[in-house]
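Enquirer: Residues per chain, in single letters:
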Amino acid sequence: NAGVTQTPKFQVLKTGQSMTLQCAQDMNHEYMSWYRQDPGMGLRLIHYSVGAGITDQGEVPNGYNVSRSTTEDFPLRLLSAAPSQTSVYFCASSYSSYGGTEAFFGQGTRLTVV
Amino acid sequence: DAKTTQPNSMESNEEEPVHLPCNHSTISGTDYIHWYRQLPSQGPEYVIHGLTSNVNNRMASLAIAEDRKSSTLILHRATLRDAAVYYCILRAGYSTLTFGKGTMLLVSP
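Going line by line, the protein sequences match chains A and B. Per the working numbering, the first sequence starts with residue 1, numbered consecutively. Per the working numbering, the second sequence starts with residue 1, numbered consecutively.
Derived by calculation from the structure, the hints in this document are not laboratory data. Please note that the accuracy of each hint is not assured.
Stated by the list, open to error - As a list, the in silico EDC-like pairs of lysine to aspartate or glutamate whose alpha-carbon atoms are at most 20 angstroms apart:
#: 1; chain 1: B; residue 1: Lys101; chain 2: A; residue 2: Asp38
#: 2; chain 1: B; residue 1: Lys101; chain 2: A; residue 2: Glu59
#: 3; chain 1: A; residue 1: Lys9; chain 2: B; residue 2: Glu45
Let's have the full structure, built from the sequences with the hints guiding it.
Expert: If you want it as structure tokens, here you go:
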């Protein structure tokens, strides 16, 4: 049982490049989400999904795309990377979005855009 | 989302109890109180959550005020590994987790 797995752990991109951050969970969780964390700040929600085929925007969705074709995977796509997207990205999953369920987080992807 | 207020930082000595406070005066009846912590260079980790009654687990205890407008996370014996940022979050039925800035806990040997 690996929990939530994020790849890669580190990535350097040039401005304008695109890439996909991978997130996979093996707990059969319906709810998955992506956050970004900038230095000295809390986590901010980018996108989330309440199940396969269903996604929605969070607080800071601009510049990011998501899709959810399977329960296990929730990739985050950067369409045209910008220096402002330099951040640490965390993926999370939980059994549901119900208030009484706990969330599990991946170890993060540290992205630098130059 | 209902908001929480936490001190920016707290200090403790190793092997002493730690009481981390959280105020949430605008909490609604369906809001669960969650605590997560984030160790340096790691993802957030679930600690505990509750609705109305006090809760205990292997990591910590959660004490909820009778009017639910405040709560306290209790670490019974702090260790150096407990040094982290602790987030108190309210989560209503079927909603996202919204993080604030949390409390940075410093533990001295």
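Enquirer: So which of the earlier hints does this model not fit?
Expert: none
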